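As you go down the protein sequences, you meet chains A and B in turn.
Mapping of the first sequence onto this note's numbering: position 96 corresponds to residue 104, and the numbering continues sequentially without gaps.
Mapping of the second sequence onto this note's numbering: position 86 corresponds to residue 94, and the numbering continues sequentially without gaps.
No lab work stands behind these hints: they were computed from the structure.
Misleading hints may appear alongside valid ones.
Each pair may be met inside one copy or between any two copies, as identical chains are not told apart.
To be verified - Here are the simulated DMTMM-like cross-link-like pairs (lysine to aspartate or glutamate), alpha carbons at most 25 Å apart as the crow flies: (1) K41 with E71; (2) K41 with D191; (3) K159 with E135; (4) K41 with E174; (5) K41 with D157; (6) K41 with D76; (7) K159 with D148; (8) K159 with D99; (9) K159 with D116; (10) K159 with D191; (11) K41 with D89; (12) K159 with D48; (13) K41 with E16; (14) K159 with D76; (15) K159 with D185; (16) K159 with E16.
Computed from a predicted structure; not experimentally measured.
Here's the letter readout for the chains.
Number of protein chains: 2
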Amino acid sequence: MPESSASEGIVGLYGLLASAELVAFYRLSDDGKLAPTLADKAALAGMAAAEFSHFDRIRGELERLGADPGQAMAPFTGPLDAFHARTVPSDWLEGLVKAYVGDGMAADFYRAVAEVLDPGPRTLVLEVLADTGHAQFAVDHVRAAIAADPKVAGRLALWARRLVGEALSQAQRVIADHPPLADLLVGDGASQLGEMGRMLAQLTDAHAHRMRALGLAD
Amino acid sequence: MPESSASEGIVGLYGLLASAELVAFYRLSDDGKLAPTLADKAALAGMAAAEFSHFDRIRGELERLGADPGQAMAPFTGPLDAFHARTVPSDWLEGLVKAYVGDGMAADFYRAVAEVLDPGPRTLVLEVLADTGHAQFAVDHVRAAIAADPKVAGRLALWARRLVGEALSQAQRVIADHPPLADLLVGDGASQLGEMGRMLAQLTDAHAHRMRALGLAD
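Just chain A, with the same shape it has in the complex:
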């Protein structure tokens, strides 16, 4: 792959990450308004603040590469906003499931991406994906809610399936619209479909694992 295409791919990847982190900041602070206690509200605000610091890290890296962060991010805000507009949680528990399932899938995706990167970008991508505390917080609260009222499990399992469907459809749109990013992620040419299939299978396995952690049928 020629140098310019590789660096276009990296700027695309960082733009996607920065955009996702900033959207996650706004989404977590939206979900925090549904929090039943001040402590939960503070916890969500803390997660949002952590997303912002990740965003800030990637934005700095884009600037270091001579890219305009706003330009690098712009192509991805449409699909990300579309995903979130189609999956507005109707209550606190749906918000937690979304934070856990959605961010978990996103993290898996980025980890898969990191494997094909050079050491510098790989370290950065893995660092900004460090768990910001969503996972255990969401698992504890969702399991407690199911223990208190087992019938919420069915509704939340359906909700999680809808999240996955919407996420995959937006991810396909992103990849189809950004050839340099697609090349970076799955290589070009004949092997592309096979690579993509392997990646999706990994994502689906990890998702099933997360659903069991929440106490939900996958």
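Since the structure of chain A is already known, use the hints to place chain B on it.
Relative to chain A, chain B alone:
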């Protein structure tokens, strides 16, 4: 003032500060959704994240004092939410004016409070009130908007007056409802009204100064 009343006053003050910072986090992230560009959206998210880190600092201090942060904050969320519910910005510029004028008045108020505190709490209060970058950002954007369309100045000046009226009415409610906090702020007994009057006069002067900085009539 007896020891228990003094520490009740400090816990009350920290509860008020923590509550205000957490509410500010959520309000700034709400206002950020109105931002016209990705860069502005990122700037508001950064300010919100700074508010969260101040909140986190005060929460740690409440825990160190053996107080429950949720309990210390609870009495203040009503008036703070009422203030924000009555002053929802209808656009990006109103949001900026609110961030600048509202946070400026809040900071003046806390600085006045800091003067009557012991050195330890005083340093903490002054530190968490360090400007988080709202001021210059808001001034630059509001002045540019007025330069581009001078007739927005009248609307924004009215809006700022409404903000001040609502803020003072909620501040009076907070002080009336919390005698230990009132004692801490204005002393007890005969001098109370005089002290309060002096504090309001200082706040009003500083407000007039901020309105001129924005290019608005006060």
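Which numbered conditions among the earlier hints are violated in the structure presented, ordered from lowest to highest? Hints 2, 3, 9, 10, 13, 14, 15, 16 contradicted; others consistent.
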